[in-house]
Structures are given as C-alpha cells and as structure tokens.
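Counting with this note's numbering, you get residues 75 to 192 for the letters of the sequence shown.
Keep in mind that the hints are not guaranteed to be accurate.
Stated by the list, open to error - Below 20 Å or equal to it, Euclidean Cα-Cα: the simulated EDC-like pairs (lysine to aspartate or glutamate) are:
{"no.": "1", "residue 1": "K97", "residue 2": "E157"}
{"no.": "2", "residue 1": "K170", "residue 2": "E152"}
{"no.": "3", "residue 1": "K180", "residue 2": "E157"}
{"no.": "4", "residue 1": "K165", "residue 2": "E113"}
{"no.": "5", "residue 1": "K130", "residue 2": "E152"}
{"no.": "6", "residue 1": "K176", "residue 2": "E120"}
Since the hints were derived computationally from the structure, they do not count as laboratory data.
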Amino acid sequence: MIVYKSFTFDSAHFLPNVPLHHKCRNIHGHTYHLTVYFEGEVTSPEGWVLDFALIKNAVKPIVDQLDHTILNEVPGLENPTAENLAIWIWKSITDKLDGLNKIELKETPTSGVIYEGK
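The task is simple: from the sequences and hints, build the whole structure.
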C-alpha cells in the first residue's frame with residue numbers, strides 16, 4: 075500500500091546555468107506543491123502503513139526551511155531546478171522515515187517532477 079501527504083511552500087529562485095536571455099535566469103517565485111509517498115504493509119494493531127503525524131513531523135521542518143526563502147541561498151541548491159530541488163528534498167527525508175517511495179514536486183499547476191530516488 076502507498077500512503078501520501080501533501081505540503082505547500084513559497085520560494086523564490088533563479089537558474090544560473092540557463093542562457094543569459096532565458097526568463098528563468100531572473101529571480102522569480104513559485105508556490106510549490108510537494109507530495110511525499112510512502113510504501114509499506116498495513117500494520118496491526120494500528121491498521122496503517124505509517125502515521126500521518128510522523129510524516130508531518132519529519133517533512134514539515136524541511137518545508138519550513140524552504141518556505142519564503144531564496145532557494146539559491148540554501149546549501150546544496152545553488153542551481154535549484156525542480157529536478158535538483160526534488161533530489162535535495164528526497165535526501166533530506168529518506169533518512170528520517172522508512173518506506174519513502176517517491177516524491178512529486180509541482181512548480182506550477184502544469185509543471186513538475188516525480189522522483190523515485192533512483
């Protein structure tokens with residue numbers, strides 16, 4: 075079974091490695107939508123894969139670290155593409171909880187990435 079929990083955060087960034095006239099080279103912001111997925115067996119006696127409160131307690135501090143920041147200033151996010159941000163978030167979560175299956179990170183309602191940690 076797979077369970078998930080969603081989070082949102084607002085951040086600004088710019089992409090330093092794109093061509094000079096690319097619009098994303100300028101600082102701009104997004105409301106990111108992050109969904110984290112955990113896979114496992116339903117356990118007894120609780121009857122769940124993972125307590126949603128445990129997911130929130132593990133992920134919210136990471137989201138809070140990104141919220142209302144310039145992502146380029148966060149160590150490890152000097153080139154904060156959606157792909158690099160997804161990898162960074164994965165690495166920040168994976169040691170905190172077992173069973174992380176994938177993360178989905180939307181930069182806009184129509185654009186985002188899905189990362190499975192491979």
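Each hint, compared with the structure:
1. At roughly 18 Å between alpha-carbon atoms, K97 and E157 fall within 20 Å of each other, so this suggested pair holds.
2. Of the supplied pair hints, the one linking K170 and E152 is violated, its CA atoms being roughly 24 Å apart against a limit of 20 Å.
3. Restraint check: the Cα-Cα separation between K180 and E157 comes to about 10 Å, which is no more than 20 Å; the hinted pair holds.
4. Annotation: proposed proximity of K165 to E113 holds, straight-line Cα distance about 17 Å (limit 20 Å).
5. For the hint linking K130 to E152, the alpha-carbon distance of about 26 Å lies beyond 20 Å, and the restraint is violated.
6. Straight-line distance between C-alpha atoms of K176 and E120 comes to about 23 Å, which puts the hinted pair past the 20 Å bound.
Going through the hint list in order, the structure does not satisfy hints 2, 5 and 6.
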